[in-house]
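Can you make the complete structure from the sequences, with help from the hints?
Read top to bottom, the protein sequences are chains B and W.
For the first sequence, our numbering gives the first residue as 1, with consecutive numbering after it.
For the second sequence, our numbering gives the first residue as 1, with consecutive numbering after it.
Take every hint as true, because none was put in to throw you off.
Stretch by stretch, here's where chain W covers chain B in the computed footprint (C-beta under 8 Å, at least three residues):
| hint | stretch |
| --- | --- |
| 1 | 165 to 171 |
| 2 | 179 to 192 |
Derived CB-CB ranges, DEER-like:
| hint | chain 1 | residue 1 | chain 2 | residue 2 | range |
| --- | --- | --- | --- | --- | --- |
| 3 | W | His20 | B | Phe281 | 48 to 56 Å |
| 4 | B | Gly59 | W | Tyr13 | 53 to 61 Å |
| 5 | W | Arg17 | B | Leu152 | 49 to 57 Å |
| 6 | W | Pro219 | B | Val35 | 54 to 62 Å |
| 7 | B | Phe159 | W | Arg76 | 18 to 26 Å |
| 8 | W | Glu58 | B | Ser89 | 31 to 39 Å |
Think of the hints as simulated: they come from the structure by calculation, not from any bench.
A virtual CB, placed ideally from N, CA and C, is assigned to each residue, including glycine.
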Amino acid sequence: MDALIHQVLAGLATGGIYASVALALVMIYQATHLVNFAQGELAMFCTYLAWTLINAGFGYWPAFLLTVGLAFVLGVVIERVVIRPVENSPVLAVVVVFIGLLVILNSIAVWIYTGTIKTFPSPFPTEPLFGNKFMSSHEIGAIVVTLIMLLLLYAFFRFTPLGLAMRAAAQNPASAKLVGIRVGWMLALGWGLAAAIGAVAGMMVAPIVFLEPNMMGGILLYAFAAALVGGVDSPGGAVFGGFLVGVLENVLGAFVIGNELKLAVALVLIIGVLVVKPSGFFGKVHITRV
Amino acid sequence: MALLEVAGLRAAYGPTRVLHGISFELAEGSITTVLGANGAGKTTTLRALCGMVRTEGEIRFGGRRIDGRATEDIVRLGIAHVPDGRGTFVNLTTEENLRLGAYTRKDRPEVETDLERMFAYFPRLKERRAQQAGTLSGGEQQMLAVSRALMLKPTLLLLDEPSFGLAPLLVREIFEIMRTINQRERVSILLVEQNAAMALDLAEHAYLIETGRVVLSGPADAIKRDEAVRRSYLGY
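Encoded structure:
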């Protein structure tokens, strides 16, 4: 029983990270109807930035906040410089640009930092909190950080005029322009936010998986599964999906299929959802009249 | 001086030319209507004014050239557009839709009073305040579209077929409110309509367009008495 509880809680901790990356994917998807394949590499790259800052003598939390800010700027710049010119191109062209970004970010990381595995510090104590035997402090800390971030995002989109404008621009760009919203900038802002969310996820996962240029590969796959399970156009669904995938992956990996096949859980989920219920748990069903 | 001056306006969707150089004016504080059959270019005219289609020719608003500007910038000059199809943000609430109308305004306290003013004009919207706008009826969505446009505090209101798909009683109500808005708040209105009889009753000045050209213009009373207009558009 203890082992099961342990696995479920550990699953929630990694699930929070999948939830964050899934949320970043959903944000871009809602605005552009495209899945950003470079989301994971962007997060990885930002985690390297954080590592550089920490090694340059910054404290963990100042480096954390600075990285989130830099990630935001990086996201905005990428949207303005790379994505904007292909905005109205066919879907396939944009997907190729996303894959190009993925490869470029990965290569730059290898070029600057070499491919060797680095340790990334955790800001949380090494002894378990409150003497509990189920979760490490980092796991609890990662969940708390994720939840705070989700809450802030929710408040931003729900209660601020800018958040409302971003939702409006994503939903109905033509009408948004007619009330004076600069839709192009809202997209850039969405990219910035997505990159910032990814950066937080990267910094939370790096102490667990270690820092290396391919660290987000598997996580991006789980995040895809999470986004699909929740419904790829539903932010709340993405968060739910993230936690669900995290728990499933851990529990199944520990008791049923073994650790080697863990990643297959994500693939099976992706295929399963697409076959059985393509709109996911909370997604909208799209009906097209012919 | 006219508030809006349009000269030689041309517009096309791809290779299909829709407007072949139309010219018209709108006096400050007036209601002017553009009449015409389906496909005559009425909607395109409004879209051209807002920079939603590529145009040639001159558009002046308050003396300033606005052709070729981005839609967002034109809106910020005080031109509100109630688009064809109403442009509702279907997943947002009625109140959020209205607040978006005031997105470019900086006078927060007055936005609150304007919100209440809209609810006074359209009490139905107040009842539906927290409801998803997509669940509103067609008539309610039209009220929402008109009041969302008014939340901008526009100088000029562009209305694209506000009567479309609505029950006659509701149409009369909306036209009555437009008259009130024009008189009480001095908002100039450019009204595009298929319901020629009602539009001519409301407007002071009218233009008739056919296949992208202005074929007739004058005071609404005179147009109403025009033999050809009466037969083709008023149906008696």
